[in-house]
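These protein sequence lines map, in sequence, to chains A and B. Here my numbering is used: the first residue of the first sequence is 1, the next is one more, and so on. Here my numbering is used: the first residue of the second sequence is 104, the next is one more, and so on.
One or more of the hints may lead you astray.
Using 25 Å as the maximum straight-line C-alpha spacing, the simulated DSS-like pairs for lysine-lysine come out as follows [what the hints assert, rightly or not]: (1) B/K288 <-> A/K32; (2) B/K620 <-> A/K93; (3) B/K450 <-> A/K32; (4) B/K222 <-> A/K32; (5) A/K25 <-> B/K620; (6) A/K25 <-> B/K331; (7) B/K299 <-> A/K102; (8) B/K316 <-> A/K25; (9) B/K545 <-> B/K502; (10) A/K25 <-> B/K274; (11) B/K320 <-> A/K25; (12) B/K621 <-> A/K25; (13) B/K653 <-> A/K95; (14) B/K653 <-> A/K50; (15) B/K685 <-> B/K653.
Keep in mind the hints are simulated off the structure, nothing from the lab.
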Amino acid sequence: MNQIIDRTVQIAHDYLGAFGFEDDKIDSTVAKGIAELELYLDKLRELINKEFDFDTVDRVLHTIKGILFQLGNSDDGRSIDQLRDEVNAENYKIKIEDLIDKL
Amino acid sequence: MKLKKHQIEKLIKDIQNSFKMDYDRAKCIVDSFNNLLENNNTKFIYDLNYKIFHRRNHKFTKQILNMIVDTYAYLFEEASDDMERQIIRNHFEKLFDIVFIDRCQYSKQLEEKSKTTQKILQHTTKRLNETLETQELMIANISHEMRTSLNAINGYLAIISDKDVLQGEDKQYLNKATHATRTLKELVSDILSVTKLNSGQLEIQQSNFWLDKMLIKCIDNIALMLQKKPKLHLRTDIEFVPFRVYGDQNHIMEIIINILSNAVKYTDSGYISLSMKTKQTSNGNISISFVISDTGIGMTEKQLETIFSPYSRFKTERQGLGLGMHIAHQLAKKLNGKLSVDSTFGKGSVFTLDIDIKIADDKKLDLQSRNICILNKKNYNDTYKQRISFLEEQGAKVKIFDNENEFINYLLTVQDNVPDYVSIIATIEGYTKFDALIYYLKTLPIFSKTIFIAENYQQHMSLNYFDEIYEYFSPIDLYARNKTQNLQKFESRVDISILAIDDTETNLDILSLFISKKYPNITLDLASGGYEGIGMFKIKKYDMVMLDLKMPGLDGFEVFNKLKELGSPLPPVYAFSADIYKSNIDKVEEYGFAGMIEKPLQPQKLYKIIERIMHESNN
Numbered sequence: 001m002n003q004i005i006d007r008t009v010q011i012a013h014d015y016l017g018a019f020g021f022e023d024d025k026i027d028s029t030v031a032k033g034i035a036e037l038e039l040y041l042d043k044l045r046e047l048i049n050k051e052f053d054f055d056t057v058d059r060v061l062h063t064i065k066g067i068l069f070q071l072g073n074s075d076d077g078r079s080i081d082q083l084r085d086e087v088n089a090e091n092y093k094i095k096i097e098d099l100i101d102k103l
Numbered sequence: 104m105k106l107k108k109h110q111i112e113k114l115i116k117d118i119q120n121s122f123k124m125d126y127d128r129a130k131c132i133v134d135s136f137n138n139l140l141e142n143n144n145t146k147f148i149y150d151l152n153y154k155i156f157h158r159r160n161h162k163f164t165k166q167i168l169n170m171i172v173d174t175y176a177y178l179f180e181e182a183s184d185d186m187e188r189q190i191i192r193n194h195f196e197k198l199f200d201i202v203f204i205d206r207c208q209y210s211k212q213l214e215e216k217s218k219t220t221q222k223i224l225q226h227t228t229k230r231l232n233e234t235l236e237t238q239e240l241m242i243a244n245i246s247h248e249m250r251t252s253l254n255a256i257n258g259y260l261a262i263i264s265d266k267d268v269l270q271g272e273d274k275q276y277l278n279k280a281t282h283a284t285r286t287l288k289e290l291v292s293d294i295l296s297v298t299k300l301n302s303g304q305l306e307i308q309q310s311n312f313w314l315d316k317m318l319i320k321c322i323d324n325i326a327l328m329l330q331k332k333p334k335l336h337l338r339t340d341i342e343f344v345p346f347r348v349y350g351d352q353n354h355i356m357e358i359i360i361n362i363l364s365n366a367v368k369y370t371d372s373g374y375i376s377l378s379m380k381t382k383q384t385s386n387g388n389i390s391i392s393f394v395i396s397d398t399g400i401g402m403t404e405k406q407l408e409t410i411f412s413p414y415s416r417f418k419t420e421r422q423g424l425g426l427g428m429h430i431a432h433q434l435a436k437k438l439n440g441k442l443s444v445d446s447t448f449g450k451g452s453v454f455t456l457d458i459d460i461k462i463a464d465d466k467k468l469d470l471q472s473r474n475i476c477i478l479n480k481k482n483y484n485d486t487y488k489q490r491i492s493f494l495e496e497q498g499a500k501v502k503i504f505d506n507e508n509e510f511i512n513y514l515l516t517v518q519d520n521v522p523d524y525v526s527i528i529a530t531i532e533g534y535t536k537f538d539a540l541i542y543y544l545k546t547l548p549i550f551s552k553t554i555f556i557a558e559n560y561q562q563h564m565s566l567n568y569f570d571e572i573y574e575y576f577s578p579i580d581l582y583a584r585n586k587t588q589n590l591q592k593f594e595s596r597v598d599i600s601i602l603a604i605d606d607t608e609t610n611l612d613i614l615s616l617f618i619s620k621k622y623p624n625i626t627l628d629l630a631s632g633g634y635e636g637i638g639m640f641k642i643k644k645y646d647m648v649m650l651d652l653k654m655p656g657l658d659g660f661e662v663f664n665k666l667k668e669l670g671s672p673l674p675p676v677y678a679f680s681a682d683i684y685k686s687n688i689d690k691v692e693e694y695g696f697a698g699m700i701e702k703p704l705q706p707q708k709l710y711k712i713i714e715r716i717m718h719e720s721n722n
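Construct all of the structure, not just a fragment, from the sequences and the given hints.
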């Protein structure tokens with residue numbers, strides 16, 4: 001999970017920096033965004049041990065995707081979006097575990 | 104058994120011949136051998152062993168062996184009876200065993216020991232490497248965790264600072280805490296960079312970019328540091344490069360900023376000079392030389408030797424670990440470039456970064472039908488002339504004035520071909536005057552889309568009405584900027600209220616960041632859920648609502664229905680979503696949303712919508 005956080009911090013700084021925001025503002029926005037991203041990644045981790053609930057899995061993935069997009073990390077955002085289409089009751093544990101490994 | 108006299112003489116002679124030895128020494132050896140035969144005195148054996156060991160020469164060992172075999176063969180032949188022969192045979196076997204077989208066994212043991220030692224060494228090395236890797240990983244992880252936490256601390260400190268609620272000492276403490284956090288963050292970033300460089304994890308990220316724009320960003324990065332040193336000035340000599348290049352902009356910037364920051368750190372007065380010279384190479388690349396010199400404390404020869412080693416910090420009162428130059432040097436290598444330094448103690452240093460970079464396979468800037476008007480009261484150097492030629496080659500119509508009055512007259516009387524860009528390179532006092540002129544011009548409808556640029560503005564007074572302010576030079580791609588991207592300040596003064604409803608705080612933060620930067624007068628209310636949003640909508644009149652479609656509890660469509668049920672006329676409600684699928688867009692249309700704002704936020708699209716609403720509100 002560290003890699004995605006590292007990547008997103010870096011990308012978010014570059015992305016928001018390109019719009020000319022002040023460093024302080026970027027720092028605080030990125031910090032809060034990353035904290036929220038970590039929170040939802042933790043939720044994703046918890047879902048592996050729970051019974052499959054499409055709405056919950058989809059909502060968590062949707063939120064993670066949204067945060068990644070908003071912080072400028074579109075590549076990872078798109079990967080998560082793709083997973084939303086593929087996940088179902090049979091494969092969700094493997095899919096999420098795979099995703100967590102990749103992140 | 105004892106040697107006979109003639110046997111002694113023969114053996115002495117043999118030894119003399121074989122080993123080129125004088126009589127006394129040869130006799131001494133034969134006496135010792137006789138003593139072994141007669142009294143079983145082992146001195147001979149030990150001497151022999153020592154000599155073989157000492158010489159470590161297989162030819163010598165072979166000579167000894169031959170001599171022993173010959174000697175015993177001779178004695179065997181000379182033996183008077185079987186019993187004596189048996190004694191000689193036993194003796195020979197014993198001597199041979201002790202001198203050679205034992206030696207071989209000992210050598211084998213040594214060899215085995217050596218193999219074992221090697222194995223232990225290999226194992227230890229492996230363990231050490233594993234430990235180092237683990238340590239690096241651990242450092243990287245800890246650094247990452249620290250950076251994330253520091254980002255949060257820094258961010259929250261900035262929020263407290265923004266609120267401006269602290270007074271006196273408390274405010275000072277906050278500033279100190281902010282400063283200390285930033286320093287710590289820089290250190291952690293340095294450690295992370297070194298770890299990544301050492302473990303080969305550093306990724307090269309290439310993209311097309313303008314060199315002049317990159318250098319402006321580098322200069323911006325040290326602007327605050329420079330402001331704190333009023334006796335220190337930055338000089339630039341940047342060659343104009345009329346095309347974009349393709350390379351790792353961020354890492355080149357990191358190297359240059361590192362050197363520039365060091366220059367500011369170690370120079371209290373005088374100047375820092377940043378220059379860039381280029382040369383096109385035969386393979387279509389461009390060879391660039393960035394030179395950064397300063398009139399700072401300089402370095403001794405000894406310091407120069409270790410400047411690129413990690414943790415080299417010369418003056419302890421300066422901040423930092425001394426990793427910056429090491430990182431810059433390693434990065435330059437990684438980019439197939441070279442960072443070199445020359446320095447004179449007490450006089451200053453010169454750093455040169457030589458790097459080859461690809462010329463971007465790029466389309467031209469489209470400056471057709473762009474009118475650019477320039478006042479240049481300062482200088483017409485080669486770089487300036489090259490920039491003007493380039494703008495004209497790209498299709499822009501450029502009008503240059505060097506007389507202030509003529510320039511002002513032109514702006515006040517122009518009717519057709521109103522400039523899209525007005526760029527001013529004036530004297531320091533001139534800028535304040537032009538700021539007032541621009542304030543007036545902006546009230547005239549014909550200038551509603553003109554961008555006013557202050558170039559070479561090297562002072563710290565604030566200008567209120569210029570759209571773009573550059574301390575040294577403007578980036579060339581500024582003139583290709585879409586006219587609609589230029590937001591007029593009087594428009595931003597229109598007071599409108601927007602309600603944004605989204606359960607993800609980051610979405611609201613980013614939205615707020617973009618809106619408040621462009622439209623500081625807009626009131627943006629944020630609600631983190633459907634019910635909260637409906638509550639806020641009930642008690643306040645909004646000009647626009649932005650609604651996240653996927654939320655826990657009430658989703659966006661349900662919230663929209665409830666807003667409709669409230670009865671009062673609805674302001675434009677925009678769906679705010681990352682799910683840009685046709686089915687979703689159709690549903691949004693069907694429900695009667697005014698439109699869809701995509702995530703990730705596309706600021707220009709958002710600004711267009713806001714401007715339209717402002718315009719409607721204005722009318």
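Do the hints match the structure? See the list:
Between B/K288 and A/K32, the direct Cα distance comes to roughly 16 Å. Compliance with the 25 Å bound is thereby established for this hinted pair. Proposed proximity of B/K620 and A/K93 is contradicted: the alpha carbons are some 43 Å apart, above 25 Å. For the hint linking B/K450 to A/K32, the alpha-carbon distance of about 46 Å lies beyond 25 Å, and the restraint is violated. Our distance criterion of 25 Å between C-alpha atoms is broken by B/K222 and A/K32, whose separation comes to about 51 Å.
A C-alpha spacing of about 10 Å is found between A/K25 and B/K620, which places the hinted pair at or below 25 Å, so the restraint holds. Our distance criterion of 25 Å between C-alpha atoms is met by A/K25 and B/K331, whose separation comes to about 22 Å. Straight-line distance between C-alpha atoms of B/K299 and A/K102 comes to about 19 Å, which keeps the hinted pair within the 25 Å bound. The suggested pairing of B/K316 with A/K25 holds, with an alpha-carbon distance near 22 Å, which does not exceed 25 Å.
As the CA atoms of B/K545 and B/K502 are separated by approximately 20 Å, the hinted pair is consistent with the 25 Å bound. Taking the CA atoms of A/K25 and B/K274, the gap is about 18 Å. The hint holds against a cut of 25 Å. About 17 Å separates the Cα atoms of B/K320 and A/K25, which keeps this hinted pair within 25 Å; it holds. For the hint linking B/K621 to A/K25, the alpha-carbon distance of about 14 Å falls within 25 Å, and the restraint holds.
Straight-line distance between C-alpha atoms of B/K653 and A/K95 comes to about 22 Å, which keeps the hinted pair within the 25 Å bound. For the hint pairing B/K653 with A/K50, the CA-to-CA distance comes to about 22 Å; that is within 25 Å, so the pair holds. For the hint pairing B/K685 with B/K653, the CA-to-CA distance comes to about 16 Å; that is within 25 Å, so the pair holds.
Hint check: violations occur at hints 2, 3, 4; the rest are consistent with the structure.
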